[in-house]
Amino acid sequence: MPGLTPTVTVEPVRDRLRAADLHDLCDAADEAIRAGGGFGWVEPPPRDVMERYWKGVLVVPERMLFVGRLDGVIAGSAQLQRPPRNNEAQAHAGTLTTSFVAPWARGHGLARRLTLAVERAAREAGLRILNLDVRETQEAAIVLYEHLGFTRWGTHPYYAQVDGKPVAGHFYFKDLTSNPQPDDTPP
Numbered sequence: 019m020p021g022l023t024p025t026v027t028v029e030p031v032r033d034r035l036r037a038a039d040l041h042d043l044c045d046a047a048d049e050a051i052r053a054g055g056g057f058g059w060v061e062p063p064p065r066d067v068m069e070r071y072w073k074g075v076l077v078v079p080e081r082m083l084f085v086g087r088l089d090g091v092i093a094g095s096a097q098l099q100r101p102p103r104n105n106e107a108q109a110h111a112g113t114l115t116t117s118f119v120a121p122w123a124r125g126h127g128l129a130r131r132l133t134l135a136v137e138r139a140a141r142e143a144g145l146r147i148l149n150l151d152v153r154e155t156q157e158a159a160i161v162l163y164e165h166l167g168f169t170r171w172g173t174h175p176y177y178a179q180v181d182g183k184p185v186a187g188h189f190y191f192k193d194l195t196s197n198p199q200p201d202d203t204p205p
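Heads up, the sequence shown is in this note's numbering, so the first residue is 19 and it goes up one at a time.
Hints in this document: simulated from the structure, not taken from any laboratory.
All values reported here derive from a predicted model rather than from experimental measurement.
It cannot be assumed that every hint is accurate.
Stated by the list, open to error - EDC-like, lysine to aspartate or glutamate: derived pairs with alpha carbons at most 16 Å apart: (1) 73 x 45; (2) 73 x 39; (3) 183 x 154; (4) 73 x 42; (5) 73 x 33; (6) 183 x 61.
Claimed, not checked - Restraint-style ranges between C-beta atoms, simulated for each label pair: (7) 67 x 33: 16 to 26 Å; (8) 189 x 102: 16 to 26 Å; (9) 196 x 161: 15 to 25 Å.
Yeah, the Cβ is synthetic: ideal placement off N, Cα and C, and Gly gets one too.
Please work from the sequences and hints to get the whole structure.
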């Protein structure tokens, strides 16, 4: 119906994905990859590879998976990656990684909510810095990260290779001790 606002939610996945959620997550990831927003992939891998990837994320102690839902259907995700326990020198910093929203779900604030959920979890884990990197082609993501207070500290001109051509990537950080957590309301 025209004028109905979809329900947007973000939640951490603690230990396992239900079969229907795994299916939705793989579908959303496939669509995001096809639209150029792959998190390393240029073409979607076979479904069994994608399913193993997501199941594998859940068993890595240093990773925390967040899923974003639009009207109950998983439409995106992001991860907080903490350094391994043996890395004392970087124990203060985490990484926002593998963040995407399926093309059909964009424009509803889901990417913002996913980013804020990862940031909140990083703060709760006692991390003081949150890092991320993004392809230069991800213009909407770049605008979002900069709006949320991330600082670009560098650009790698050969960050990725897509269709045989180099694609630059930008590197960002956010000092969680001096930047307050923004609220969940859209800009």
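Going down the list of hints, with the structure as the test:
{"no.": "1", "hint": "73 x 45", "result": "15 Å, holds"}
{"no.": "2", "hint": "73 x 39", "result": "11 Å, holds"}
{"no.": "3", "hint": "183 x 154", "result": "13 Å, holds"}
{"no.": "4", "hint": "73 x 42", "result": "13 Å, holds"}
{"no.": "5", "hint": "73 x 33", "result": "9 Å, holds"}
{"no.": "6", "hint": "183 x 61", "result": "15 Å, holds"}
{"no.": "7", "hint": "67 x 33: 16 to 26 Å", "result": "21 Å, holds"}
{"no.": "8", "hint": "189 x 102: 16 to 26 Å", "result": "20 Å, holds"}
{"no.": "9", "hint": "196 x 161: 15 to 25 Å", "result": "22 Å, holds"}
Against the hints set out earlier in the document, no violation occurs for any number.
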